[in-house]
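*Asks:* So you can see what is in the structure, the chains are spelled out below.
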Amino acid sequence: MTTRKTLTLTTAIALCASGALAQDVTLTIESWRNDDISIWRNQIIPAFEAAHPGIQLDFQPTAPAQYNSALNSKLDAGTAGNIITCRAFDAALQLFERGQLSDLTDLDGMENFSDVAKSAWSTDDGEQTFCVPLASVIHGFIYNAEIFEELGLEAPETEEEFFAVLDAIEEDGGYIPMAMGINDQWEAATMGFANIGVNYWRGEEGRAALIAGESRLTDDEWVAPFEQLSRWVPYLGRGFESQSYPDSQNLFTLGRAAIYPAGSWEIAGFREQADFEMGAFPPPVPAGTDGCFISDHTDMGIGLNAASPNQEEGRAFLSWVAGSEASNLFANAIPGFFPLSDAEVSLEDPLAQEFIGWRDQCESTIRPFHQIVSRGTPNLSNESWTASANVMRGTWTPEEAGAHLQDGLSSWYEPHQ
Amino acid sequence: MSARANILRSSAAHAILIAYTILALYPVFLIVINSMKSRRAIFNEPLALPTRETFDLVGFHTVLEQGNFLLYFQNSLIVTLASLFLVLLFGAMAAFALAEYRFRGNLLMGLYLALGIMIPIRLGTVAILEIMVAANLVNTLTSLVLVYTAQGLPLAVFILAEFMRQVSDDLKNAARIDGLSEYRIFFTIALPLVRPALATVAVFTMIPIWNDLWFPLILAPSDATKTLTLGSQIFLGQYVTNWNAVLAALTLAIFPVVVLYLIFSRQLIRGITRGAVK
Amino acid sequence: MLRPRTTRRPIRWHIVVFLAPAVLIYTAIMIIPLFGTLNLSLFTRGEGNTREFVGLANFVTLFTDPRWSSAFWNATWNNLWFFIVHMLVQNPIGIALAAILSSPRLRFAAFYRSAIFIPAILSFVIVGFVWRLILSPLWGVAPNMMDAIGIGDWFSPWLGQESSALTTLALISVWQFVGIPMMLIYAALLSIPDEVLEAAEMDGITGASQFWKIKLPLILPTIGIVSILTFVGNFNAFDLIYVVQGALAGPNYSTDILGSLLFRTFFGFQLQLGDPHMGATVATVMFFIILAGVSLYLFGIQTRMRRYQF
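Residue numbers (this note's numbering), protein chains in the order written: chain A, 1 to 417; chain B, 1 to 278; chain C, 1 to 310.
No incorrect hints appear here.
Now the in silico label distances, taken between C-beta atoms and shown as ranges:
| no. | chain 1 | residue 1 | chain 2 | residue 2 | range |
| --- | --- | --- | --- | --- | --- |
| 1 | C | 208 | B | 168 | 27 to 37 Å |
| 2 | C | 63 | A | 287 | 47 to 57 Å |
| 3 | C | 64 | A | 111 | 47 to 57 Å |
Treat the hints as calculated values from the structure; they're not laboratory data.
From the three backbone atoms N, C-alpha and C, an ideal C-beta is built for every residue, glycine too.
Construct the entire structure; sequences and hints are all you get.
*Replies:* What follows is the structure, given as C-alpha cells:
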C-alpha cells in the first residue's frame, strides 16, 4: 500500500535527519514547561552534552493542562520518557509508591539539598527521596515602576500602605490599580490567597497546625485572607469576573494596570513583553504582626523513570542537575524559578534578585494545602480555587468560604474529625 | 405570485443568509487579521485591519521556529487520509452487509456497532496504549490510523447503512443473474451509487481526526510523527501569554482544514442533493 | 451469525468478509479497551497497587454520598440545560437556514452553505479561544461593538457569572455546530419528491404554510435523527468547557457537565489525583443515560414516526 510506504519512508527520513547514532544513549525528558523549550534546547542541553559525550538529551514538553494525565497514561503503558519532571508532593509521591519513579536517596549531589527542599519529593517519613529539587517559586507583587514614579508612590510595606497606594492609583483614574481576574479561579487562590495569607497563618507554623488538626479553616488566620481578597475587588478592572490569566498578564505588560499579584515565574515573560521598569514587593504585613512571611513554594523537581533501561545515564544527568553548574545555569536562564540547592548562586536579573532577597528578611513557607491535606476527596487545594473566586465574586462571604473548606476537610481527614 | 413579492422574498432570504454568514465567519476573520498585527495593535484596536504601521509577522516566525511544520502537516495529512480511507472502505462494507443480507443477529450487530458513539474513546486510553506497545506501534502513524479508524466506524456504519438500503434491488438482482459475485456487486454497483453519502461521512469523520490532540500526544509524540495540531499545541494551551504566537498558530491550524473541507464540500453538496433524489 | 454446519444453508462467507475488518478493528481498539475501563467501576484501589472487587459500592457512593451526588446531579442538570439550549436554538436555526437555502433558484447557495458550515470544522481550542477574546471585557470586541449600536450598557462579563456562564457556553457550542443540523435537514428537504410539492401548490398551499403543512411533517424523521445526534453529542461534550473555563468548570461549578466531571474525576486535576474507579463509575452512568436516550428514540419515537414516511 502506498500509504504504508510513505509512512516508513517519512519515519526513516526523520530518523536520519535527527542524526541519532546507534551507540549513543538518548534520554527523553518529560516536562510541562513548554515555555522553556528554547532555553532547554539552546542552553541547558548543549551544556550537559558538552560535559557528557555519549549521552544525548531530548526535551519533550507537554502543555501543562495535559501533563499529568498524559504522563500517567504513558507511565502505565511503559512509553514515558527516561527523565520525568516531578510535580510537588502527592502527584509525584503517588508515582513513586507505584514504583514508577526510581529511588534517588543516595544520588551523588543529593547532599546539596536541605531537608526542607527535599520534603516535596520525599516519602512522608523523609527516608526516601525520588526527585532532585529543581526550583521554587516565590509570591509577591510586581509593580510598574514608571506609574509609581509618575504618581509619586512607593512600594508599600504594610497593609495600610498597600490600600493607600491602591486608593491613590484609583483616584488618579489613568490606570487600573490591580491586574487580576477570577475566570480561571487559580489566580484568586494562588496569587491571591496563598500569596497574602502567609502573614496571617504565620507560614510554616500555621501550615503545621492545620495538618496536625490544631487549627481550623474557620479560625481567624484562615478567614482573614479571604476578607482581604474581598477588599481587592473595587481595585480590579471592569469585568474581572471573566478576566482570564493571560488577560491579566497582558493588562499589566501593556502598561494599563499598575500592580500585578505575581508569582516569580512571571519574571521571564514580563521581561520579554513589558517595555517599562518593574519593581516588586513582598506581601504587605497586616498591622500588629511581627516578622514577615513569604510563600516560597517548592514547585518543580526532576526524577528518573524506574522503567527506563538507562538508569546509569539518567543518574549521571540528575547528578549534573543537582550540581552547582546546573543550578547557576537554570537560575539565570529561567529567572523566577529559584534554585533549591545550597550551592552559591548569583542571579543577574534585578527583579529576580529582589524576589530572592526576601528569603533573608522573611520566613519561607510553601503553599498551605499542598502537603497531606489535599490527599482526599474533596480536594482541598482545588476547593480553595473555587472558594477564593467565589469570595471575590461575592457569592460567598469569607466566613462561608472558610466553613465550606473546613467541612470538606473534616469529611475525610482524621485529625479534623 | 407577483414578481415583486418574489424579489422581496429572495432579498429577505439573502439578508438572513448574509447576516448568518457574517456571524459564522467573523470570529475566524478576527483571528486571521490579528495574527498579522503587532502586539500593541492587537489590544488597542482589535477590530482594525492590519495597516502598514501595525503589520507584523512576528507570531508566525515564533511558531515556525518551533518545529518542522511541513513535516507535521504531512503527518496530519497522511493520518487523516489513511484513516478516512479505511473508515469509508470498512464502514461501507459493514454497512452493505447489514443493509443487504438477512442473517441471524443482523439487528444485534447493528446495535453493537453503534455502541461506540455512546462512550468517549479517550477513556480506553491506557488499554489502547498497551495494545500499541504490545504491537510495537508506539510512535508510528499507523497507531493513530488504527485508533481513528475504530473511532470513525460507528457513525460511518450508522449513516452508510441508511444509504445502502436505498440502492435499487433490481440493479443488484440483475447483476446476480449475470453471475456477478457479491464482492463485484458491492464494488461496482453499490459503492459508486453511495459515493455522495461517502462524502458526507468523510467530512464528519475528518473533523475530529484532524483536530485531535489527545491521541497524537499519547501514541505518537515523537518529533518524526507529530501532527500539526500537536505541533502547534505548545501555543494553544490554556495559559499562554504570547498572543502573537497564539493567533499565528491558530491561523496556521485553521487554513489546512478549511482547504480540505472545501475540497470535500463540493462532493458533499453534490452527495446530499443527488443521494436525496434517489 | 455463523450457522452450524448441520443447517441446510451454507455459510455465506461474503457476509463474514464484509463485516470482519470493521468488526475486528472496532472490537479490538474500541470496545475491549472501553469495556475494560467501564469494568473498573466495580473495583477500588486496594493496598499498594492491587485492585479490590467492591461490586456496586462505587455506584452507591456516587448516588448517596452527599458530595458525589450533589456534584453528579449538578452536572446532570447543567447537561440537560446545555441540551435544551441546543434543541431550542441550534436545531430551529438549523431548520430555518436549511429551509431558506432549499428555496428554488437561490443564488450563491453553495457559498452560504459552505460558509455557515465552517465553524463546525474548527477545533475546540480555536472556538474557545476566539470566543473568550470576543467576550472579554478587556479586549473589547463585544463591548465596543455593543457600544457602537448603543447597547453598551447591556454588556456584562457573561462567562464569569454563575447565572449566565452555562448558557453562554451552550450558545458558543450552538454557533459552532449549527451547520450540522442545517446540512442534514437541507438534504431531507431536497429529498421531498417534486410531485408532492406540485400537488400542494395545485391546492393553493404555498410559501410558509407549505413549509408548516407539507415539508415539516415530511422531514420529522430527520429532525428526530438530528435530535438524537445532538443528545449524544451534548452528553459526551467536555472539550469546550475545558478550553474556556478550565477543568474546575467555574464559576463555582456552574458550567460543570457530565463530560467535564468525568474527565476531572478520571484523569485528575492539579493536586487532585485521577481516580479511574470513580471515573469509570461516572462513565458507566453516562453510558446508561445515553443508551436510555437512544433506546427511547429508537423504540419510542422512531417507530411512530415511520408512519409519516413516504
